[in-house]
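**Student:** As a plain string of letters, each chain reads:
There are 2 protein chains.
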Amino acid sequence: MQVYKAPVEESLFLLKDLFGLEQLTSLPGYEEATEDLVEAILREGAKFCEEVLTPLNEPGDSKGCSRADNGSVLTPPGFKEAYQTYAQGGWMGLSGDVAYGGQGMPSTLSVIINEYMGSANLSFSMYSGLTQGAFAALSVHANDKIKARFLPKMMSGEWTGTMNLTEAHCGTDLGLLRTKAVPQDDGSYKITGTKIFISAGDHDMAENIIHLVLARIEGAPEGTKGISLFVVPKFIPDSDNNPDEANSLECGKIEEKMGIHGNATCVMNFDGATGWLVGAENQGLKAMFVMMNEARLGVAVQGLTQSEAAYQNARDYALDRLQGRALTGAKNPDGPADPLIVHPDVRRMLLTIRSFNEAARAFAIYTSIQSDIAHKSEDEKARQAAADKLALFTPVLKGVLTDCGFENAVLAQQVFGGHGFIEETGISQYVRDARITMIYEGANGIQALDLVGRKLMANGGRGIMGLFQELGGYIQERAEKEDLAPFILPLKRGAEDLQKATMWFGENALGNPDHAGAGSVDYMHLFGHVMLGYMWAQMAEIALTNKDENRKDFFETKLTLASFFMERVMPQTTMRLKRIQAGADVTMAMSAEAF
Amino acid sequence: MQVYKAPVEESLFLLKDLFGLEQLTSLPGYEEATEDLVEAILREGAKFCEEVLTPLNEPGDSKGCSRADNGSVLTPPGFKEAYQTYAQGGWMGLSGDVAYGGQGMPSTLSVIINEYMGSANLSFSMYSGLTQGAFAALSVHANDKIKARFLPKMMSGEWTGTMNLTEAHCGTDLGLLRTKAVPQDDGSYKITGTKIFISAGDHDMAENIIHLVLARIEGAPEGTKGISLFVVPKFIPDSDNNPDEANSLECGKIEEKMGIHGNATCVMNFDGATGWLVGAENQGLKAMFVMMNEARLGVAVQGLTQSEAAYQNARDYALDRLQGRALTGAKNPDGPADPLIVHPDVRRMLLTIRSFNEAARAFAIYTSIQSDIAHKSEDEKARQAAADKLALFTPVLKGVLTDCGFENAVLAQQVFGGHGFIEETGISQYVRDARITMIYEGANGIQALDLVGRKLMANGGRGIMGLFQELGGYIQERAEKEDLAPFILPLKRGAEDLQKATMWFGENALGNPDHAGAGSVDYMHLFGHVMLGYMWAQMAEIALTNKDENRKDFFETKLTLASFFMERVMPQTTMRLKRIQAGADVTMAMSAEAF
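These protein sequences, in sequence, are chains A and B. Residues 0 to 594, numbered by numbering that gives the first Met the number 0, are exactly what the first sequence covers, in order. Residues 0 to 594, numbered by numbering that gives the first Met the number 0, are exactly what the second sequence covers, in order.
Since the hints were derived computationally from the structure, they do not count as laboratory data. Just so it is clear, CB atoms sit at the ideal spot from N, CA and C, and this is done for glycine as well. A portion of the hints provided could be inaccurate.
Listed below are several chain B residues computed to face chain A (Cβ distance under 8 Å; list not exhaustive) [as the list claims (entries may be wrong)]:
# : residue
1 : 252
2 : 488
3 : 498
4 : 503
5 : 506
6 : 510
7 : 571
Straight line, CA to CA, 30 Å or less: simulated DSBU-like cross-link-like pairs of lysine-lysine [unchecked claim]:
#  : chain 1 : residue 1 : chain 2 : residue 2
8  : A       : 577       : B       : 491
9  : A       : 62        : B       : 252
10 : B       : 330       : A       : 577
11 : A       : 330       : B       : 252
12 : A       : 179       : B       : 330
13 : A       : 224       : B       : 330
14 : B       : 79        : B       : 179
15 : B       : 577       : A       : 499
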């Protein structure tokens, strides 16, 4: 049976001790996000996730989604009722615009709640996560009429949303898409085409589903410059904004997948469906990128969610399961064997996961706070600095948290031995569910290319240079502090490796972009691990200086985890630098036929 | 649709060019394994795998095993007929003793054929692989009467075999097992107990199933010293050795698993089933370990099989799928996009897999040849040297080939983007099937402990010291050869890292075995990658010196792959050394409650 307890203390430690909640409450509109309110929200959200969503996770996997006789999609047992609870609790619009019925809380709070939801039930959390992404895109790009028509019911959770991008012949390369939009006299468009891999494309949990669809207006230019964004509801709202006439669209098929069986991944057929343009003609990709950037932060956290849930389940197993004896003599001499936790290699696996999880959570929250600052601050310089970080960190977070999240779920599964491979224990589901996070919202190779090809150079490298300056200052200020040395020195080595790798690209990749491509994934992980090390150094410093006796154990564990991360995980930065410096010559040498 | 072509040219290159077939043909009994015969056997085996087994792989996954009305297990459609073809082709006894109807070929040939079978259909190959393991154990430990009764029909494939070790409360820790054996007046035993995770435990492909069962004879000592091995047939053979009376045993349940759905993983209930002792009383674990050591080499190769099959499918996808443009300008300007193979990161993934596969295959064959020498050579020194290598390499092979095999299958899946997550493309199956290889036949953490706790120190460290001597000599002899430097220098660094790690254990782990446990998995991978690098150096040397014009492309590709491996994969040895040298202090610091 799967277990999950939301890490509320961890979230509060990050918000209060590490980053300071005043970073959020000082922003206009967020004044009410006081410590007490934030804690109440997190505890309430945790309770919903633990009590309602976690028990539905395994049945969602084994039963999956199905089709009703009329072809509509049925979600797994219990999802519909849980969704009602979710919507009625006001969770969907937690960070939504108050003008449209949202609660106006910092988006960082939604990121935290979404973490809890994803750990409890990734498939379920996608229905709401996509809705939040969709109303974020409408908030930024749609005109007032469309906003008034769709936003309130999406923020209340009465309606859900989707993103319709991929077609059978184009995923990453959206310039190839063929779905077409024909303008009508009333200002609407008729949308025709087939989209695939549409998460939450159809279901029975809400009365309407609002599809955001990329399509090409008749006569538009080829490639990415001729793509527009449309809002296409499943049921066309009447003048009172109640779902009325069924639109000409349907789910053609539910895909059979490796995981996230509780979320319906649909082939969506649009057959002259009525839609309305969002934003300007032929500017659809730009609009979608806003949504995708936010979604990437969300998917990054999804990687963490599976790593966290897998950790908790493996830890319980390691504490309970009696097998073998400690190498240093029996630790449970009266029992038939010692618990797995006595074995150094079992600890290695658990500590690898946990030392990642806590730093990854910090890095995600840190980035999310940058997002709130970038959107809300009244100080232009602060906005720009935050936006620089957000842009730079987003692909790193997405790639590293999902790659490592999956690897960690696999490690956790290994703790279970043979019991990890049978579905009964529930651990395999975390592995299978985590796998998608490395792929969707831009496969991780694409994140790495976005990082080295776009984000590094943006604004003359302002973002990365700002980061090096910050890291350099942070490290230098602590150079003399002996008790911090075990954390600062490995971070320093990592930061130097990152700088060397960045310089190597600067010197080599301009002449031959393949040099950047061949090292891009290693660079993304090198970058990510330096950031995780940076998070650990800061957390260790708090643990060393905070003298709160009630939290002594909490801080001692933090120091152990920080030490483990520095000793065991950070050494990879030098390996990655070497791989990057190998360049692309050998990688590009073989002819296609020789593969 | 899944594709697979058996790498016959690769196998022949290893046997003929790299290791020399005379290593086998010079052994007594193997004189007939000539080049022509070996090539004919491999080509015939390849054909069977490609034409018969590959098409059954995906249906085996999606349909899985089921129960007939009488509770017996039905294999997926086509398995039964394919098994008839396999048995009639004489494949089961290819390396079996001629005295019992085997064909007496070197076991290395069976290892190669089993590789092809595993790539084509891992679930199917387990039915025969377990049978071969079972008759190998009987060959060594059973008395002549039992051999005469069971071996001929197992070698002919008329009967299959299983290994019954695990119980619900004990997997790794077999000392805890409770299945009991009560001696009967006629010399047989009544076996009672429940075994779990029994691969191929029941099925409809053969007329009888011969279970090898670990059990405790009434009154035997507790722990591992009171375990005996029994042969327990599904149907008790009559005096003509035909299956007769049904024994008191049954499959209680087929487990729901993450993968290998085509193989029935059974809960086996023995309810006073009739069995016969194999080997001496209370010596069962020793007998089983012989079987397990051979099985570990087999499972190591299974890791490679999924990596190879996944590579071939991902390569085809990368050549066919048009998406995006090369960073250096369009390579397919007349098409809508370039094939994926133009992208450096896609190449990185494919080259990572392939440069592993070819070296892993070499390492496996090399070890298998040691096994043949250790069993057959008339030269005692040669036998001992080969046995030392076999013992030392077996846990390394099992751990590294399966860990990397799984990682590679995941990389191959990544090449498919979103299409990798849906079952339709078939790539997910390789990932799910590969996952078990890291767990069964001793989870990889156990392999690592076996390596550092047992194999390193065996005979005063004779095995590892012999290897360092061999590696040192190999490297020194080539120190002046400039064209070999790109391969020899990285190997030298790796070998030095391995030596330092070994010394670190010598200096620290005797006083505190947790230091060995905490670094054991990193040590296993460090060891394995030095061996893979050693294989690549030798293959590169052949590629540089062989002037056969007809094989020019073949050797050029070998050099590219060797270079890639040296540049991109070998740098991990230093990272692993650093982790090992971090020791166990931090790993063991946290209390169990703090996890």
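**Student:** What hint numbers does the structure not satisfy?
**Tutor:** 1, 2, 3, 4, 5, 6, 11 and 14
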